[in-house]
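Here the sequence shown stands for residues 11 to 96, where the numbers follow this note's numbering.
Keep in mind that a hint or two might mislead.
Here are the simulated DMTMM-like pairs of lysine to aspartate or glutamate, each with C-alpha atoms no more than 20 Å apart in a straight line [unchecked claim]:
#1 35 - 47
#2 94 - 47
#3 35 - 54
#4 35 - 59
#5 19 - 34
#6 19 - 47
#7 55 - 95
#8 19 - 59
Here are the in silico distance ranges between beta carbons for each label pair [to be verified]:
#9 19 - 94: 18 to 28 Å
#10 20 - 93: 17 to 27 Å
#11 68 - 25: 35 to 45 Å
#12 15 - 95: 32 to 42 Å
No lab work stands behind these hints, which were simulated from the structure alone. Each residue gets a CB set at the ideal place from its N, CA and C atoms; glycine is no exception.
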Amino acid sequence: MITSSYDRKIFLHILASYVQGIPEKSIVLDIGCGEGDLTKSVIEKLRCETVGIDIDPQGISIASMNARNGLGVAVCNAQNLPFKDR
11 MITSSYDRKI FLHILASYVQ GIPEKSIVLD IGCGEGDLTK SVIEKLRCET
61 VGIDIDPQGI SIASMNARNG LGVAVCNAQN LPFKDR
């Protein structure tokens, strides 16, 4: 977990550089999404559909509370995804 506001700002700045490489209107799967910071960043910048998964129910609970349109979340592991490949 990122604890200081300074660390969080750096983290979000680095995430922004990753988001720039994702084409608009993509469907993005964030494996190990935790509290959903990356998924929220993708939605805000690209307005695309995102799904965040994590094995930690507490992280997914926080991500779902912060969820906006276009964000789906699920408690699962990456080896047993609850949806079909596209």
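Against the structure, the hints:
no.	hint	result
1	35 - 47	19 Å, holds
2	94 - 47	24 Å, violated
3	35 - 54	12 Å, holds
4	35 - 59	7 Å, holds
5	19 - 34	24 Å, violated
6	19 - 47	11 Å, holds
7	55 - 95	24 Å, violated
8	19 - 59	24 Å, violated
9	19 - 94: 18 to 28 Å	38 Å, violated
10	20 - 93: 17 to 27 Å	33 Å, violated
11	68 - 25: 35 to 45 Å	21 Å, violated
12	15 - 95: 32 to 42 Å	39 Å, holds
Against the hints set out earlier in the document, violations occur for numbers 2, 5, 7, 8, 9, 10 and 11.
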